[in-house]
Amino acid sequence: EAQVTQNPRYLITVTGKKLTVTCSQNMNHEYMSWYRQDPGLGLRQIYYSMNVEVTDKGDVPEGYKVSRKEKRNFPLILESPSPNQTSLYFCASSPGTGKKTEAFFGQGTRLTVV
Amino acid sequence: LAKTTQPISMDSYEGQEVNITCSHNNIATNDYITWYQQFPSQGPRFIIQGYKTKVTNEVASLFIPADRKSSTLSLPRVSLSDTAVYYCLVGSLLNAGGTSYGKLTFGQGTILTVHP
Numbered sequence: 001e002a003q004v005t006q007n008p009r010y011l012i013t014v015t016g017k018k019l020t021v022t023c024s025q026n027m028n029h030e031y032m033s034w035y036r037q038d039p040g041l042g043l044r045q046i047y048y049s050m051n052v053e054v055t056d057k058g059d060v061p062e063g064y065k066v067s068r069k070e071k072r073n074f075p076l077i078l079e080s081p082s083p084n085q086t087s088l089y090f091c092a093s094s095p096g097t098g099k100k101t102e103a104f105f106g107q108g109t110r111l112t113v114v
Numbered sequence: 001l002a003k004t005t006q007p008i009s010m011d012s013y014e015g016q017e018v019n020i021t022c023s024h025n026n027i028a029t030n031d032y033i034t035w036y037q038q039f040p041s042q043g044p045r046f047i048i049q050g051y052k053t054k055v056t057n058e059v060a061s062l063f064i065p066a067d068r069k070s071s072t073l074s075l076p077r078v079s080l081s082d083t084a085v086y087y088c089l090v091g092s093l094l095n096a097g098g099t100s101y102g103k104l105t106f107g108q109g110t111i112l113t114v115h116p
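Those sequence lines, one after another, are chains A and B. Each residue of the first sequence is one higher than the one before, starting from 1 at the first, in this note's numbering. Each residue of the second sequence is one higher than the one before, starting from 1 at the first, in this note's numbering.
Be aware that a few hints might be false.
[Unchecked claim] Across the chosen pairs, the derived CB separations fall in these ranges: (1) G15(B) x T22(A): 38 to 44 Å; (2) N73(A) x H115(B): 40 to 46 Å; (3) G15(B) x K57(A): 43 to 49 Å; (4) T5(A) x N25(B): 33 to 39 Å; (5) G15(B) x P95(A): 34 to 40 Å; (6) P39(A) x Q16(B): 24 to 30 Å.
What the hints contain is simulated information worked out from the structure, not anything from laboratory work. If you're wondering where the values come from, they're calculated on a predicted model, not measured in any experiment. All residues carry an ideal CB built from backbone N, CA and C; glycine is no exception.
Could you put together the complete structure from these sequences and hints?
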């Protein structure tokens with residue numbers, strides 16, 4: 001089944017403790033991206049990657065890191081989480097062919113930083 | 001990046017046709033118009049995408065006028081399960097000559113509520 005898989009689905013952590021949210025897609029997509037969703041602010045893009053070893057900042061990259069060493073994986077790293085990073089996070093992938101923006105989203109990771 | 005403007009909310013009844021319009025006055029030549037549906041605590045789901053004129057699939061139609069400064073998502077005969085947030089997204093994933101266009105910005109979305 002074609003899908004984008006995020007882990008974990010739920011995570012409660014403490015301020016300053018490094019964490020990684022994994023994202024994996026099995027569709028051989030070139031494009032992958034991370035979003036956070038907060039009430040009243042909609043979906044905001046954190047980072048995106050057009051292909052392996054190519055990453056770029058979205059609208060809200062501060063406090064986050066990403067890497068794209070393999071086509072299928074695009075982990076989101078919070079080196080020193082803070083309470084304002086409490087949010088619902090979504091990973092997405094897209095074929096990236098031509099100009100089209102059809103994307104497939106994961107089920108989300110609800111992160112709470114206390 | 002093209003900014004999008006949608007109504008914050010809409011109400012409808014089962015069996016009716018619903019039209020949600022999105023305004024995107026500064027759409028670029030390379031941009032596509034894409035609509036997504038999102039249920040609470042789930043990831044957005046692709047509905048339909050178009051560049052110009054009309055596109056139809058098994059769940060919706062997308063109408064785009066010649067100037068491409070707006071678009072209308074049409075949902076025929078909605079049911080209670082169509083209650084969701086609908087997002088209009090304008091952008092492109094074109095990667096040309098070393099310049100990438102992968103920065104995609106979602107608008108605030110339209111909360112559609114379908115009543116019995």
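(request) May I ask which of the numbered hints given earlier this structure violates, with the numbers listed in increasing order? (result) none
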